[in-house]
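Participant: Below, each chain spelled out in residue letters.
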Amino acid sequence: MSIKLISIGEAAKKMNISIDTLRRWDKSERFVAVRKSGKRFYRESDVDDFLKKADISTSDLFKIAEDWVSSKNPIEPEDIFYCQNSLIFQSRVIKFEKNLSEIPELKNTFPLISAIIGEVGNNSFDHNLGNWTDISGIFFGYDLEKKEVALADRGQGILKTLKRVKPELVSDEQALKVAFTEIISGRAPEARGNGLKFVKKIVIENDIKLLFKTGSARLDLKKGDIGLDIQKENNYTQGCLVLINF
Amino acid sequence: MLIQLKKFGTTLISRQAGKEALAAFEPVLREATKNEKIEIDFAGVVTFTPSWGDEFLTPLQKRYGKSLLFRNTENLSVQATLQMLEEINKDKFVIKKLKNNE
Numbered sequence: 040m041s042i043k044l045i046s047i048g049e050a051a052k053k054m055n056i057s058i059d060t061l062r063r064w065d066k067s068e069r070f071v072a073v074r075k076s077g078k079r080f081y082r083e084s085d086v087d088d089f090l091k092k093a094d095i096s097t098s099d100l101f102k103i104a105e106d107w108v109s110s111k112n113p114i115e116p117e118d119i120f121y122c123q124n125s126l127i128f129q130s131r132v133i134k135f136e137k138n139l140s141e142i143p144e145l146k147n148t149f150p151l152i153s154a155i156i157g158e159v160g161n162n163s164f165d166h167n168l169g170n171w172t173d174i175s176g177i178f179f180g181y182d183l184e185k186k187e188v189a190l191a192d193r194g195q196g197i198l199k200t201l202k203r204v205k206p207e208l209v210s211d212e213q214a215l216k217v218a219f220t221e222i223i224s225g226r227a228p229e230a231r232g233n234g235l236k237f238v239k240k241i242v243i244e245n246d247i248k249l250l251f252k253t254g255s256a257r258l259d260l261k262k263g264d265i266g267l268d269i270q271k272e273n274n275y276t277q278g279c280l281v282l283i284n285f
Numbered sequence: 116m117l118i119q120l121k122k123f124g125t126t127l128i129s130r131q132a133g134k135e136a137l138a139a140f141e142p143v144l145r146e147a148t149k150n151e152k153i154e155i156d157f158a159g160v161v162t163f164t165p166s167w168g169d170e171f172l173t174p175l176q177k178r179y180g181k182s183l184l185f186r187n188t189e190n191l192s193v194q195a196t197l198q199m200l201e202e203i204n205k206d207k208f209v210i211k212k213l214k215n216n217e
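Those sequence lines, one after another, are chains H and E.
Numbered according to my numbering, the first sequence spans residues 40 to 285.
Numbered according to my numbering, the second sequence spans residues 116 to 217.
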């Protein structure tokens with residue numbers, strides 16, 4: 040079967056973006072062209088695949104993540120969102136970081152955004168290794184047009200993991216507050232647990248919004264916040280569900 | 116002794132990777148003479164987090180104390196991470212200001 044190639048003009052029209060954007064994406068290898076006699080062409084099938092993925096990413100990303108963590112019959116998320124292990128997550132953060140670096144207004148601050156994404160995602164892996172409740176790994180999706188990132192895991196949740204170092208914790212709300220405010224000192228019995236304090240610091244000092252749900256607790260955090268707005272919700276989130284806007 | 120962090124990668128985010136980096140570098144560290152300054156160069160690092168930093172820098176800080184120096188710490192994620200680690204470990208890092216020709 041022959042592969043149908045279309046011109047850069049046709050591809051740009053189909054994808055509703057400019058020819059310059061396609062040239063830039065080719066250069067950065069985000070969406071690669073086929074060279075023929077020095078000109079750029081695109082496989083029609085690549086363009087169609089791109090549009091299918093774009094449809095998913097521009098629909099409500101957070102809703103897709105939420106549906107996945109709350110599903111009674113767990114299945115693995117779509118490939119484009121699913122990071123089965125931390126190595127896959129690492130490679131996708133590198134790609135995300137590269138895409139972010141190309142946004143002019145984020146020229147200096149993009150490392151802060153990729154750093155908090157790295158902390159939230161790795162937190163899920165570090166706290167659930169060997170203890171996933173059903174599906175191992177995390178959901179990681181982003182939409183650079185809307186400037187939003189959704190992360191989720193079907194792990195133990197903050198309360199259960201923090202209880203190992205602070206057995207006195209009784210509610211999801213309490214645990215979420217500790218996770219975002221208290222420095223867990225002494226590093227015993229485990230050397231982790233301070234990543235979310237870092238996330239809080241970055242969010243309140245920059246133009247970033249965070250929604251963090253675990254169990255029955257929900258935290259909304261934004262630039263300039265002093266206290267923590269933690270609410271109890273009726274719907275229960277297994278593991279963690281996070282939305283970051285920047 | 117100069118340690119160029121970019122040789123471990125430019126996106127340094129996970130605990131596991133930080134731990135592995137330190138373990139891999141231990142044989143080189145053993146070559147350092149007594150009282151030798153250990154300089155960590157952050158040039159080229161794009162994303163840096165407390166998880167990676169805690170596994171790599173905290174043990175070095177405990178071992179070398181004020182002989183551990185940092186340079187090229189301008190990246191915002193590097194700065195935020197160093198501040199966070201100072202807060203967690205209740206110990207200040209020494210940041211070396213470079214002259215133009217260094």
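Among the hints, a few may not be true.
Far from chain H by the CB rule (all over 10 Å, computed), these chain E residues [unchecked claim]:
| # | residue |
| --- | --- |
| 1 | R130 |
| 2 | A132 |
| 3 | A136 |
| 4 | V143 |
| 5 | N150 |
| 6 | R186 |
| 7 | F208 |
| 8 | K211 |
Derived DMTMM-like pairs: lysine to aspartate or glutamate, alpha-carbon spacing no greater than 25 Å straight-line [stated by the list, open to error]:
| # | chain 1 | residue 1 | chain 2 | residue 2 |
| --- | --- | --- | --- | --- |
| 9 | H | K262 | E | E189 |
| 10 | H | K216 | E | E146 |
| 11 | H | K66 | H | D173 |
| 12 | H | K137 | E | E201 |
| 13 | H | K240 | E | E201 |
| 14 | H | K240 | E | E189 |
| 15 | E | K207 | H | E244 |
| 16 | H | K261 | H | E184 |
| 17 | H | K134 | E | D156 |
| 18 | H | K134 | E | E135 |
| 19 | H | K185 | H | D264 |
| 20 | H | K92 | H | D165 |
| 21 | E | K134 | E | E151 |
| 22 | H | K261 | E | E202 |
| 23 | H | K239 | E | E154 |
| 24 | E | K177 | H | E221 |
| 25 | E | K121 | H | D87 |
| 26 | H | K134 | H | E184 |
| 27 | E | K122 | E | E141 |
| 28 | H | K240 | E | E151 |
| 29 | H | K262 | E | E151 |
| 30 | E | K134 | H | D165 |
| 31 | H | K262 | E | E202 |
| 32 | E | K205 | H | E105 |
| 33 | H | K137 | E | E189 |
| 34 | H | K239 | E | E201 |
| 35 | H | K91 | H | E105 |
| 36 | E | K122 | H | E221 |
| 37 | H | K239 | E | D206 |
| 38 | H | K205 | E | E202 |
| 39 | E | K121 | H | E141 |
| 40 | H | K205 | H | E141 |
Because the hints were derived from the structure by calculation, they are not lab data.
These figures come from a predicted structure and were not determined experimentally.
Where is the CB? At the ideal position from N, CA and C, for every residue including glycine.
Participant: For every hint, state whether the structure bears it out.
Facilitator: Going through the hints against the structure:
1. R130: violated, 6 Å
2. A132: Given that some Cβ of chain H is not farther than 10 Å from that of A132(E), nearest at about 7 Å, it is violated.
3. A136: A136(E) clear of chain H: closest Cβ-Cβ about 13 Å, beyond 10 Å.
4. V143: holds, 23 Å
5. N150: At about 28 Å from chain H, N150(E) clears the 10 Å cut-off, so the statement holds.
6. R186: holds, 17 Å
7. F208: holds, 16 Å
8. K211: holds, 21 Å
9. K262(H) x E189(E): holds, 22 Å
10. K216(H) x E146(E): violated, 45 Å
11. K66(H) x D173(H): violated, 40 Å
12. K137(H) x E201(E): violated, 29 Å
13. K240(H) x E201(E): Holds: K240(H) and E201(E) sit about 14 Å apart, inside 25 Å.
14. K240(H) x E189(E): holds, 18 Å
15. K207(E) x E244(H): OK: K207(E) and E244(H) at ~21 Å, within 25 Å.
16. K261(H) x E184(H): holds, 20 Å
17. K134(H) x D156(E): Given that 25 Å is the threshold and the Cα spacing comes to 24 Å, the pair holds.
18. K134(H) x E135(E): Since the Cα atoms of K134(H) and E135(E) sit roughly 22 Å apart, the hinted pair holds (cutoff 25 Å).
19. K185(H) x D264(H): Given that 25 Å is the threshold and the Cα spacing comes to 23 Å, the pair holds.
20. K92(H) x D165(H): Violated, because 29 Å separates the two Cα atoms, which is more than 25 Å.
21. K134(E) x E151(E): holds, 23 Å
22. K261(H) x E202(E): At roughly 22 Å apart (the allowed maximum being 25 Å), E202(E) and K261(H) satisfy the hint.
23. K239(H) x E154(E): Measuring from Cα to Cα gives roughly 30 Å; hence the hint is violated.
24. K177(E) x E221(H): Holds, because 22 Å separates the two Cα atoms, which is no more than 25 Å.
25. K121(E) x D87(H): Roughly 38 Å separates the two Cα atoms, so the pair is violated.
26. K134(H) x E184(H): holds, 16 Å
27. K122(E) x E141(E): Answer holds: K122(E) to E141(E) is near 15 Å, not above 25 Å.
28. K240(H) x E151(E): At roughly 35 Å apart (the allowed maximum being 25 Å), E151(E) and K240(H) break the hint.
29. K262(H) x E151(E): violated, 43 Å
30. K134(E) x D165(H): holds, 13 Å
31. K262(H) x E202(E): holds, 21 Å
32. K205(E) x E105(H): violated, 38 Å
33. K137(H) x E189(E): Satisfied, since the Cα-Cα distance of roughly 19 Å is no more than 25 Å.
34. K239(H) x E201(E): holds, 16 Å
35. K91(H) x E105(H): OK: K91(H) and E105(H) at ~21 Å, within 25 Å.
36. K122(E) x E221(H): This hinted pair is violated, its Cα atoms lying about 33 Å apart.
37. K239(H) x D206(E): Within the cut-off at roughly 21 Å; holds.
38. K205(H) x E202(E): holds, 20 Å
39. K121(E) x E141(H): Distance ~21 Å between K121(E) and E141(H) Cα, so the pair holds.
40. K205(H) x E141(H): violated, 42 Å
Violated hints, in rising order: 1, 2, 10, 11, 12, 20, 23, 25, 28, 29, 32, 36 and 40; the structure is consistent with all others.
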